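K.L.:
Each chain, letter by letter, is given below.
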Amino acid sequence: MASAIRIKGGRVYDPLHGLNGVVKDLCVEDGKIVQECHGAAEVIDATNLVILPGGVDIHTHIASPAVNAARGLRPEDHRLLCCPRKPGLRSGVGFTVPSTFTTGYLYAQLGYTTVMEAATPPIGTRHTHEELNDIPMVDKGCYLLMGNNEFILQYLKSGDLEKIKRYVAWLLHSLKGFGLKLVNPGGVEQWKYGKDVEGLDEKVNHFDVTPRQILQALTWVNEELGLPHSIHIHANRLGVPGNYQVTLETMRALEGKRVHMAHVQFHSYGGEDYVSFTSKAKEMADYINGHPNVTVDVGQVVFGDATTITADGPWQYRLHKLTKNKWYNLDVEVETGSGIVPYTYREKNYVNALQWAIGLETFLLIKDPWRVFLSTDHPNGGPFLYYPWIIKLLMDAEFRSQMLKRVHKRVLSHTMLPHLSREYSLYEIAIITRAGPARALGLRNKGHLGPGADADIAIYVDAKDKEEMFERAAYVLKDGKIVVRDGEVVESCPGRTIFAEVPGDDDLLTELRDKFEKYYTVEIGNFPIPLEDLPFHQAVPTGRPV
Amino acid sequence: MTVAKEMRVVKDVTCPFCGVTCDDLEVHVEDGKIRDVKNACVLGKDTFLHHLEGLATPRIDGKPASIEACIEAAADILARAKYPLIYGLDSTELHAHRKAIELADLIGANIDHTSSVCHAPSLQAVQTVGIPSCTVGEVKNRADLVIFWGANPAEAHPRHPTRYSVTVKGMFTPQGRKDRTVIHIDVRRTPTSRMADTFIQIKPHSDYEVFSTLTALVNGHDLDVSEVGGVPLQEWRDLVEVMKGAKFGILYWGMGLTMTRGKYLNVVALLRLCQELNRFTKFLGAPLRGHGNVVGMAQVLTWQTGFPFAVNMSRGYPRFNPGEFSVADLLGRGEVDAALIIAADAIGNFPAKAAQHLKSIPLIAVDPKESETTKVAQVVIPAAQAAVAAEGVAYRMDHIPLPLKKVVDSPYPSDREILDRIIARVLAKRPDDGAKRAAPLPRG
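Taken in sequence, the protein lines are chains F and H. Here the numbering used here is used: the first residue of the first sequence is 1, the next is one more, and so on. Here the numbering used here is used: the first residue of the second sequence is 1, the next is one more, and so on.
These are calculated hints, taken from the structure and not from any lab test.
With a cut-off of at most 20 Å between alpha-carbon atoms, the simulated PhoX-like pairs for lysine-lysine come out as follows:
#1 Lys195/F <-> Lys247/H
#2 Lys86/F <-> Lys82/H
#3 Lys321/F <-> Lys244/H
#4 Lys515/F <-> Lys169/H
#5 Lys86/F <-> Lys429/H
#6 Lys178/H <-> Lys518/F
#7 Lys244/H <-> Lys195/F
#8 Lys11/H <-> Lys518/F
#9 Lys515/F <-> Lys11/H
#10 Lys518/F <-> Lys169/H
The model shown is predicted, which means the values in this text are computed figures rather than measured ones.
Construct the complete structure from the given sequences, taking the supplied hints into account.
P.N.:
Below, the structure is given as structure tokens:
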């Protein structure tokens with residue numbers, strides 16, 4: 001008989017089913033949540049405990065060629081967190097760019113069971129999957145970078161949308177990607193000759209297409225293919241004062257289409273420079289509140305050390321010039337770029353403190369919790385280890401005002417934060433960290449506790465201090481097995497790699513073979529990743545969105 | 001049993017020899033033996049055609065033994081060792097890297113690889129200032145200025161110039177060689193100089209000074225000297241103009257910088273120069289790396305431990321300290337008490353003092369071929385050669401992973417399997433090391 005567990009007497013928060021702290025038994029069998037256990041089951045006494053679905057991170061950077069380059073770049077970062085080997089578990093290091101095994105353990109300790117790597121260059125995706133294979137405890141997937149792909153730009157120039165659709169399908173199918181990611185569409189292509197784009201209608205060098213066209217074409221493709229997740233967009237001009245206009249314009253260009261705007265905090269800035277830097281969170285939230293097609297993750301800033309890792313090459317160069325910190329850049333043939341710069345967010349720095357406030361404003365001003373998700377754009381805004389601290393800021397207005405007194409004085413007159421008395425409820429936290437992202441990802445078995453869901457469950461000791469509460473889960477179940485107890489990993493499990501099941505299109509091969517020969521440096525036969533390379537995997541069907 | 005002669009051609013084969021990692025080889029196999037290799041350079045061809053020569057045999061203390069007995073003996077040595085070393089790992093593949101690191105984690109070993117004695121200073125330089133770089137396809141598609149510094153790709157990476165950097169035609173370099181200016185800078189002429197439009201000969205050990213000079217000139221300073229590195233200042237002024245005038249420049253460097261006086265500081269100065277040039281144009285740098293899959297080992301070690309080489313696990317978690325945990329230093333000071341050398345010939349390549357220490361301790365060699373190391377090892381375990389008789393993944397010098405094919409069979413297990421079996425035997429010798437289970441839950 002397969003393992004069965006009955007979780008007795010806990011308060012259940014399951015927003016998808018409208019359960020708001022209802023005391024209820026949960027039954028788990030064969031890794032799934034079931035209506036009732038058949039026969040004997042182990043019992044977890046959850047009296048006075050809080051039960052949530054396992055956490056779902058829609059946007060993080062935990063595995064990719066760039067993430068690994070960041071690990072290699074930052075030996076000084078690793079000594080801040082050393083994780084010794086334990087029987088059955090592997091050793092590793094933190095802090096902002098943890099080693100793979102440690103990444104899995106740390107996420108699990110927080111109660112997270114599904115995480116999405118938000119950017120992988122197609123040619124480096126073999127690497128990304130190998131890293132994901134070494135991240136235990138969680139189910140995971142990756143979004144393929146497409147917004148500056150030169151084949152797509154060529155097809156777009158000749159107006160052949162159908163070809164783009166077939167090529168994107170071939171990439172997803174060959175590389176076992178979960179979704180499409182655009183990073184600074186057009187701008188990273190410009191960066192290959194040291195430039196960037198200023199706005200949506202600027203022509204991209206050599207290709208005679210604009211960011212607007214790229215955005216619209218790939219959003220169309222995303223919906224045509226019926227991918228489980230909407231298009232995932234890192235808009236142009238990240239981090240630049242005054243960028244909120246291009247962000248708004250991006251959303252307007254895709255009006256009525258499903259769209260996910262990533263780390264929107266970094267795209268909600270007013271002002272002309274970092275002196276006149278202001279918050280435009282209100283303008284952004286107003287737009288988002290009126291447009292149910294948009295979901296966002298916040299990219300909250302956390303004070304302390306961060307490592308900025310992004311495919312947005314031109315931004316990283318700007319940050320390097322701004323900070324004088326070490327700078328890594330890797331431009332990737334045909335596809336994209338990438339850059340890494342270590343960064344420290346300081347409470348007493350006006351810009352950093354306002355970035356912190358803008359993130360919180362975004363959380364508090366967007367009315368529908370189903371469309372705003374918790375992220376730090378790990379590790380760009382700070383490491384995911386600080387999610388509990390952010391939850392406390394959202395649930396505790398008093399704590400927020402204490403923090404506000406500590407940060408740079410000028411922020412007080414430039415943020416609405418003192419006037420936002422909203423406090424997130426536990427139910428809303430369950431939405432922005434579980435149910436919401438799972439729904440936006442189109443993962444029907446995640447983010448809820450109804451029969452048929454994967455038995456990924458996080459159980460916490462309810463505490464007044466919500467940071468303390470969410471820092472160490474009392475129990476975490478992954479696929480129905482207890483993997484964390486009292487905040488410690490007690491058993492490792494591999495987790496599955498999730499990808500979108502897109503039919504292959506071999507008719508395109510002849511044409512692609514020629515393009516590969518001309519512009520790539522690898523044989524097209526060595527490009528696809530066979531399913532055997534993903535020892536634990538799960539295909540998510542495509543089709544019309546939910 | 002079939003007696004029909006088996007003939008087949010395997011296409012898109014990835015070559016394991018160097019960091020160019022060509023993946024377009026065609027290997028002709030007849031009755032389990034490689035007869036011909038198309039598209040490969042002379043170095044790659046050799047690797048495949050001579051795959052059956054000089055094979056190692058399993059033995060313990062010089063006497064023939066079964067693979068199983070060898071694995072048991074190796075596990076005995078490693079389980080008993082107090083401060084062991086695992087080293088090599090360039091001529092193997094990703095899954096073997098994984099297993100080697102897992103073993104090091106289990107026994108609290110030092111783990112290091114061939115980078116330690118080639119481009120480790122490049123890695124340290126990147127840790128110091130970062131690096132503006134690109135994949136080789138960017139050079140193919142865009143570079144109009146290519147500089148080779150302290151490197152000799154014509155002999156060490158023979159297909160780099162034709163596939164990626166000199167004669168190849170790309171998206172914005174439709175005329176190939178005609179679209180590129182190629183400059184070679186070194187302490188002596190080599191066949192690489194013949195590929196170049198310009199050769200600049202500098203004095204040995206003057207690289208740091210020359211990079212600093214170029215950076216000063218890029219930043220608009222002039223210098224009050226007539227020559228630097230044995231070259232008139234005017235020549236460096238001209239070079240700076242060429243660099244700033246390029247649309248897309250790349251500076252490739254070799255071990256001429258990393259293993260001469262100044263070591264990582266030479267590369268720091270080079271990288272700063274490249275970074276500064278980005279104020280004027282696109283300018284990137286990259287090391288010409290790779291004996292075998294040494295780049296891959298650095299990748300896997302980095303994602304599993306956070307550090308690219310010279311990792312020590314003796315405290316139960318990874319620590320990194322070149323000079324303390326790097327192989328030449330560990331051996332030179334005679335610190336390690338047992339060693340597993342896998343997929344590299346340590347004794348054949350190390351300084352006498354380091355080799356001497358290796359000979360004085362229990363030594364395990366895992367290698368497809370006989371080498372100076374297998375000659376003196378207490379335990380020799382022959383392996384199926386990665387990329388020839390075992391599949392896997394190898395990394396190109398620009399960190400792009402490529403699949404390795406199993407072209408022919410080998411009677412011996414792969415590196416990955418050997419390490420896996422050693423791990424299982426070491427675990428069996430430590431009964432307390434099974435995962436500690438929490439107390440069972442009540443049933444009801």
